[in-house]
Structure formats: C-alpha cells, structure tokens
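Undergrad: Let the hints inform the model, and build the full structure from the sequences given.
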Amino acid sequence: MDEKNSNIILKTENLSIGYESKKGTNVIASNINISLEKGQLVGLVGANGIGKSTLLRTLTQVQNPIEGHILLNGKHIESFTNLQLAQTLSLVLTEKMASKNLSVFELIALGRQPYTNWIGSLSTQDLDIIHQAMASTNIVSLKDKKCYELSDGQLQKAMISRALAQDTDLIVLDEPTTHLDMYHKAYILKLLQNLTKETGKTILFSSHEIDLAIQLCDKLIVMTNDSVYSDSPCNLITKGIFESLFPEDLIKFDNQTGSFRVNK
Amino acid sequence: MSDIKSYKLPFVLLSFLLIVCFLGNISLGSVYIPIPDVFKGLFGNITNESWSYIILNYRLPKALTAILVGSGLGISGLLMQTLFRNPLAGPFVLGISSGASLGVAIIILGAGVSGGFLTGMLISKWSLVVAASLGSFLVLLAVLAVSSKVRDTMAILIIGLMFGSITSAVVSVLSYFSSAQKLQQYIFWGFGSLGNLSWRELAIFFIIYIFGILLSILSIKALNTLLLGENYAKSLGLNMKRSRLIIILATSFLAGTITAFAGPIAFIGLAIPHLTRQIFTTANHKVLLPAVFLFGGILMLICDSIAQLPNSDYTLPINAITSIIGAPVVIWLLVRKRKMVF
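Note that the protein sequences, when read in sequence, are chains C and D.
Okay, so the first sequence: first residue is 1 according to the numbering used here, each after it adds one.
Okay, so the second sequence: first residue is 1 according to the numbering used here, each after it adds one.
No lab work stands behind these hints: they were computed from the structure.
Mixed in with the good hints, there may be bad ones.
Unchecked claim - With a Cα cut of at most 20 Å, we get these calculated PhoX-like pairs of lysine-lysine: (1) K100(C) <-> K337(D); (2) K22(C) <-> K149(D); (3) K96(C) <-> K11(C); (4) K100(C) <-> K234(D); (5) K239(C) <-> K252(C); (6) K146(C) <-> K337(D); (7) K190(C) <-> K38(C); (8) K96(C) <-> K234(D); (9) K75(C) <-> K100(C); (10) K145(C) <-> K337(D).
Since the structure is predicted, the reported quantities are computational estimates derived from the model, not experimental observations.
TA: As structure tokens, then:
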C-alpha cells in the first residue's frame, strides 16, 4: 500500500470547484476524488461548458478550490511557493504566446527559467535538458526557426517541448489538440503517450477527442452534469459512463467500437 | 537563449558609431570650432577660452544628455512594450509625461490664473524640473495605487491612458484662461530641450537614470518570461506582482527624470525598440536592452546635431526633429521587411 501511495503525483480530496463572487458561490462540480500516478497519461473529457478548464485551473493553482484539498507529491498545493510549483508542475495552455518573435530554441530554453540565475544564464546541464526535450518531440531541425514560421502542429510540439524542459513531475495541457487536423491530433496524443513511457512523467490533458483518448490513455476523468468519474477507459465503458456524456438525440456511444456514432 | 556573444560584430559597430556620433555632435554647433580644437578642448589644453567654455560647459553636457535621454526613453519604451504585450506602448503610456505636463502647466499657466504670486519663480529652470517631477510622480502613484488592485495588466494600460486624458484636459482648461505669453512659454517647454543642463543638474539626472537602468537590468529575466504571456510567466514561477512593480518603477525613473529635465520628448521611446528588433531580429532582452541603449543614444545625438542647424544661429525644436527623422526610418524598415516583429 505504501509503495502505491508513493507513486501518486496528484490527488484530490473531496474537491469542489467553481467561482466565488460577492453574490455567492457558484459551484461547478463537487466531490471530486481523483488521483494521478507516476507515468500515467490521463485524459480529461466532458461536454463544452461542463467545467474542464475550471478543474484544470484549480488543479494548477491558478484559482482556489471552493472546498477540499489538492495534494501534489503528498503536500498541500497551497504550501508550494511559486518557484517550487514551477519545478513540479508545467503547463501548456490554449492561449497564444505573447511574442512569436522567439526562436524555437529560445522558447524551449524559457522552460529552464525556474532553475536559472537572476539573468537567466543557461548552464551546460540546462543545454543538455533543452536538447533532450527537443529530441523527444522531434523538433531539433526546427531549432532556429522563429515561432511565427511554424505550423500549428509544430508550434504545439514546441510548446510541449518547452514544458518538458521545465523538467516537472506533472505536465498539464489544456486542449492540446484544438486547431489540429486529424493526423496531428493523433500524433500529439501519441507523442504524449510516448513521453509518459519514456520519461516517467505524469501527463494530464483535457480534450474533445474522446475516441483517441479512450485508445491511448491509462486513465480518463469524465465530467458529466452529475458527477466526475475517473477510471481506466475499459472500466468506464463497462460502467456505461460515456452514454451519459452527451444528450442522446444526436450521437450515441457504441460499446463495441469504443467510439461515438451519429444517429441515422 | 541566443546570447550577446553571437551579436558581437553589431555591438562593436554600434559602439563605434555611438562614439563617432558623440564626437560629431560636440564638433557641430552654432559656433564653428575646428575639429582638432574640439579634441584639444575636451582634454582641457585649448588656448581659446570661449571655445573651451562652449565645449566643456555647453556641448559636452548636451551630448551626454542626448545619450541619457535617447537610451533612457528607448529602454523604458522596450519595458512597456513587453509588459503590455503591445507594440504601440511607449514610455509615456503610464501617464508620466501628461503628469509632468500638468505640473509644468500649473506653474506656468496657473500663475496667470492665480495672479502674480508665482510669477517671480517662473523663469527658474529648477521650478519647472520640480513641477514636472512632482506631476509625473503623483500620476504614477495614482496608477500604482490602482494597479495594485487590478489583476489584469491591460487594465493598467487603459488606466494610464485615462489619467493622461484627465491631465491633458486640465491643461486645456488652464490654457484657455492663459495669456498668449504664458502659453508660448508652456509650448516652448513642450518642444523639449537637451541643452541648458548644468553639470550639477546632469549629475542628479545621471544618478536617477542609473537607478532606472539597474532596475531594468534586474528585470531582464522577467521580461523574457513575459514574452510567453502572463499565465505562462506565472507557471514558470515568476512573481508577477513584484516584477510588474519593478518594471513600472524602472520606466518611471527613466521617463520621469527625462521629462523633468528635457521636456516631453516624443517618438524615440516608441520607435527605438522597433528599430532594434528589426535589426537584431531577436526577442531576447539580454541582447535587446544594450542594443536599445546604443541605438537610442545614437539616434538622439543625430537628431540633436540636426536640430542644432550647424553654423547657424537657429535651433529647431528637438521634439519635432525626432519624429521627422525617426518616423520615415521606421516606415522604411517595416516596408522593407514587410513583417512586424514583436
């Protein structure tokens, strides 16, 4: 049991998420109990507006939980300093970077910021990690290109590479496959799967690619109106969770193939 | 990050150009002084006493002021453009120059309204410097007070612009009630001026300038992180509130003192960072900061030499020259490269 506990990177205890305002609290989801283990690829799926982003924002300490606790490496996430958090958790966001005038190398090098000195000088060790990060995402050849020269798929790989260079136990990605074509959606998710195996890092991503996520993830977190489920894809299919994901008037989950079908 | 080392040649060339412009600026002026005598004058062994006086007490401090003004405005423009992720931001977006204008307007124009009470000290340069500093400092305090309550950096930009509008409206009201003579005096201040700084004034200017530069250097890492946007910067462990405060303070020290001593000099702060990015094609502030320093100094020295109209008795307003020279250069660069890099 102890052995298993030490493998848990992120764990929530009776977590409630939502927004607090002067008018009162708007709880989006409550009683969330999930745990992410070392080396797992975990997908977060759910309909639009169900609160996936709010959950990710809460898990990454961008906003505070309404209730409950989040434990990162066994410690309360609020007890982390900015810098400690940056050394444990890295992000790939949906928002565009402010300046695309950076070269790919410069972009990835920024991932080393939590470790560098006051002016950001890179040590040989930093350079090694940066090259390693570029190699694992197959973008070494793009090293000297400016970010504005990249395609959406290449840019997403560079952003993932930057998060890798940050060298954290957990990487969280918010919808990494939006704006990508079918091939690149699969490519990016497959890349994430390989990274968890190669590096032993835990990767959590939100996505609308439920079919792909079912095939590739070790674990899925499914958000529905009533509850938040988290289990292996197979168990979730057996329990029939996916049927309740969307209204059934238009699409229906097919247990045989593990994918959604449009009603004819 | 591509380092300064990979830009060795451009830096050597620019430093050389800065020295040439500096010496050129000192050699040119309304009184013709042969170049060998200029050099002799600089090292103090010149026989002609009035030449010696012109060089040591007028041209030398003016050239040094030009370097401080150009580089200081350029650097504060760079800081603001990165902080606000906005290529149109300049050193004065925080309302610093409008605060200074208000201070000066109250001294010059307000004197007319409130009777002859302040008239006696009107001519004193120090009173203008103090008024401009106080004005920009008060507006800055207001912006800082508001910004500590606001999470969004963009809101600070808007708030700065709003403070600017309020102060310029007050200046308009004051101008409406002022005599033509006072108005002229106020407008002359608005033209900007690099000359007329005594060595003592220059020393004070320099001390505050250095302080602003030090804060800017301390912000280099934060500025590079901010290139990814605020949320990424936070996820990289950047203390956003503290970095924002340091960057705003650096800008205020630089732009505030420059406006106090040299008037509201337009354009340089906006244009120099763009010129630099076009030529150095990097976004790394470790390279951009020294490059902007050199470019700012060079451009300001050139503008001042032109404004001086060498060998004539006239001096054109420096504020007009910076735009007349600078704007076409920026347009030319943008058209040539067809790409706005930011």
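Undergrad: Are the hints correct? Go through all of them and say.
TA: Structure-based check of all given hints:
no. : hint                : verdict
1   : K100(C) <-> K337(D) : holds, 16 Å
2   : K22(C) <-> K149(D)  : holds, 16 Å
3   : K96(C) <-> K11(C)   : violated, 29 Å
4   : K100(C) <-> K234(D) : holds, 18 Å
5   : K239(C) <-> K252(C) : holds, 15 Å
6   : K146(C) <-> K337(D) : holds, 15 Å
7   : K190(C) <-> K38(C)  : holds, 18 Å
8   : K96(C) <-> K234(D)  : holds, 15 Å
9   : K75(C) <-> K100(C)  : violated, 36 Å
10  : K145(C) <-> K337(D) : holds, 17 Å
This entry does not satisfy hints 3, 9, going by the numbered hints stated previously.
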